[in-house]
Amino acid sequence: MRKKRLFVAAVAAVALLAVACQNQKAGPTTSTSASGCNKPAALGTARDFRLAASHTLAQASASPSASPMVSVSPSASPMASETASPAATSGTSGTTTGSKKVVKLGFLGDLTGGNAGLVVSAYKSAQLAVKQADAAGDLPVDIQLDAKDNKDGSADTAPALAQQLIGDPSVVGVIGPAFSGESKATGALFCQAGLTDITQSATNPDLTKNGWPTFFRALATDAVQGGQTGAYIVKSLNKKNVAVINDKSDYGAGLATAVVASIKSNGGNVVLNQGIEPTTDYTTIVDSVIAKKPDILYYAGYDKDAPLLFKQYRQKGGTALLMGGDGDKGTNLLKEGGSAVDGAILTCPCLDPNASSDPAPQKFAQDYIAAYGEPAGIYSAEAWDVANMFIAAIRSSGANTTRKSVLDYITNLKDFKGLSKTFNWTPTHEVVGGDITFVYKIVGGKYTLLGKAADLSGGSSATASATP
Amino acid sequence: MPSCLTSELPFRIVGGLSSGGVYALIAIGYTLVYGVLQLINFAHSEVFMSGILAGALFLGAFPPHTLGPLLLVTAVIPAMLTSGILAVSIERVAYRPLRKRGAPRLAYLISAIGMSLFLQYTTQVWRGVNPEEFPATIKPTAWLHVGGVSVFNTDVIIIVTSLAMVFALETFIRRTKTGRALRAVAQDAEAAALMGVNIDRIIMVTFFIGGLLAGVAGVLFGMNFGRTQWNIGFIPGIKAFTAAVLGGIGSIRGALVGGLVLGLMENVSAGCFGTQWRDVVAFVLLVGVLMLRPTGIFGEKTV
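Same order as they appear, the protein sequences are chains A and B.
Taking this note's numbering, the leading residue of the first sequence gets 127, the next gets one more, and so forth.
Taking this note's numbering, the leading residue of the second sequence gets 159, the next gets one more, and so forth.
In silico SDA-like pairs for lysine to any residue, Cα to Cα no more than 20 angstroms straight-line:
| id | chain 1 | residue 1 | chain 2 | residue 2 |
| --- | --- | --- | --- | --- |
| 1 | A | Lys-419 | B | Ala-300 |
| 2 | A | Lys-461 | B | His-223 |
| 3 | A | Lys-419 | B | Pro-160 |
| 4 | B | Lys-297 | A | Gly-444 |
| 5 | A | Lys-418 | B | Val-309 |
| 6 | A | Lys-461 | B | Pro-222 |
| 7 | A | Lys-572 | A | Ala-466 |
| 8 | B | Lys-335 | B | Met-353 |
| 9 | A | Lys-419 | B | Ser-161 |
Hints were generated in silico from the structure; no laboratory data involved.
Full structure from sequences and hints, please.
Here is the structure:
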């Protein structure tokens with residue numbers, strides 16, 4: 127009898143540990159720091175978006191050290207989503223492989239996992255940029271894209287994929303990583319290798335504070351987005367009471383902090399501010415929101431989870447206006463959210479080329495539809511810009527392109543005309559005057575552009591209105 | 159008094175009973191198997207997952223406009239059968255060979271975890287990593303308004319179904335011949351065998367019943383949250399196991415009470431301390447109960 131009890135207690139302890147590990151597990155990156163390549167400042171929180179439930183009991187109760195365990199290239203992975211296979215058109219540009227030197231651009235992000243809706247479009251845009259450059263016929267080298275599929279965008283698995291790119295000497299630049307946690311986990315590695323990485327979508331403000339000379343960011347940060355969101359809610363929407371929920375990822379928690387601060391500083395009221403790891407059962411948090419009767423429910427997280435939360439909130443009779451940031455503005459929110467998310471408002475530092483009135487983005491939007499038979503999704507314009515920066519760097523050095531020549535070219539970039547904005551770097555490698563947040567609304571199952579947040583809220587918090 | 163114990167409390171109770179009902183149905187699978195074999199069947203969370211998946215595939219085969227409450231009730235049948243058969247197969251493949259060789263307890267535990275991983279990743283390869291929709295059959299509508307609290311039809315369905323299933327199971331075990339044999343095996347397997355009870359058959363029945371209830375739980379879960387995925391069983395499985403231990407593992411009523419108490423505690427504590435603290439409070443409660451009553455609320459008794 128006693129043994130039995132002991133046994134049950136032991137098993138219960140294992141279960142307890144498993145859940146505790148899930149909630150607490152920190153994923154320190156295992157990088158040996160070299161001069162100038164600092165590890166991320168806050169290692170304790172260094173784990174980004176990850177399915178709470180994706181770790182099985184066995185994994186969770188094992189040692190929590192972050193081990194590079196999965197390395198999947200898209201060509202080898204089963205295509206799970208309805209999105210077109212990146213492998214189908216993978217990289218190889220045109221027919222003129224012959225005698226030209228091959229120079230590769232890496233791409234790192236979630237191409238087939240739950241958050242692929244935030245990444246696939248960027249990848250296809252990078253492909254399009256390479257294809258267009260190739261079609262011009264004057265490329266001095268053969269540019270190929272080498273995509274590394276980091277399923278679900280986990281920070282734990284990103285370093286292994288980064289190492290694969292670093293290990294290939296023909297890779298001279300990396301587009302991405304797509305998410306903040308991935309960027310944080312790989313920044314020091316790319317830095318040591320002297321390999322330039324420009325992210326088209328990682329928006330955690332702290333990323334550029336690590337002092338990595340190789341890391342650049344092609345869009346505004348969560349601090350900018352969050353700051354303008356508060357002003358927009360209070361001044362443009364005239365709403366007071368906001369419930370803010372985040373998914374406890376590097377991205378979600380950072381954005382939520384910025385949103386909460388700006389709502390308060392603009393005179394609004396944050397009635398609820400909580401984090402919840404991605405799950406299926408949002409009952410408890412939904413009840414909390416309903417009890418507070420907010421005017422707005424804001425979710426800082428990713429589009430894999432947002433529709434579940436929003437649907438369960440609507441099912442329970444919640445009527446607040448639904449809002450979210452760029453992480454929520456993927457295709458899955460529209461698909462899985464259905465009528466529950468109609469009228470929802472999303473902010474994004476990204477330009478939707480389909481909704482733009484400028485000729486260059488419009489042309490890109492048409493080219494994209496012609497190439498893939500579907501409209502360009504989130505971060506497509508930014509990824510196209512990043513790819514073209516790299517292509518310009520490669521053109522300028524021709525067959526002598528090295529990692530160093532690319533880094534020098536990108537670092538000294540002057541007035542580079544992109545679709546989303548004109549690029550000049552600040553000393554920390556943010557875009558000069560790039561603090562733009564666009565506001566979108568879901569109407570009839572589609573994102574429509576309402577305008578720039580700063581303009582909509584009377585320009586009060588606008589510091590710059592740069593080119594489109 | 160904080161609002162979580164006054165104005166919010168009715169909400170929390172309804173939400174807690176609804177979560178707890180599903181935990182209870184899964185917990186019965188753990189508790190029955192433990193009662194008969196003194197074995198924790200960790201692969202039970204995948205039995206639950208197979209029920210959700212079977213329900214989703216069944217409903218997905220119908221055109222959307224035909225979906226309704228009647229079809230939901232029908233979907234319970236394939237879900238129950240799938241889960242029941244899977245549970246029996248798990249017993250055949252993962253436990254019976256060990257039992258025949260008189261393996262130590264630890265071997266069963268490893269075998270269970272291995273089975274659980276095998277089933278999860280097989281499903282992942284088969285269905286992919288992305289979540290799939292569990293087709294909506296019932297439009298959630300508020301049935302009751304009591305003192306400003308809306309009680310939704312989905313909550314009522316979950317709570318009533320769980321209670322009914324537990325009652326039916328109790329009756330089955332108390333009143334039928336197979337039930338008596340089951341109790342006999344639980345009390346003393348050797349003596350039962352000497353009295354002519356076919357132990358292998360009874361063990362199969364035990365797993366099958368656990369699977370049937372997990373199938374029902376799966377459909378209820380799918381109805382409530384509208385999604386299925388390869389690893390969706392993990393968290394509810396852990397919670398249900400906790401509920402079984404809390405109520406007193408081996409006891410059916412214990413599983414019910416444990417599930418409901420756990421659901422309530424999670425929801426009420428989420429209101430009082432924030433959702434972040436939900437699991438902390440739930441497990442502190444578990445540890446607390448085990449310290450005072452090591453055998454759980456109802457005491458460890460065998461079926």
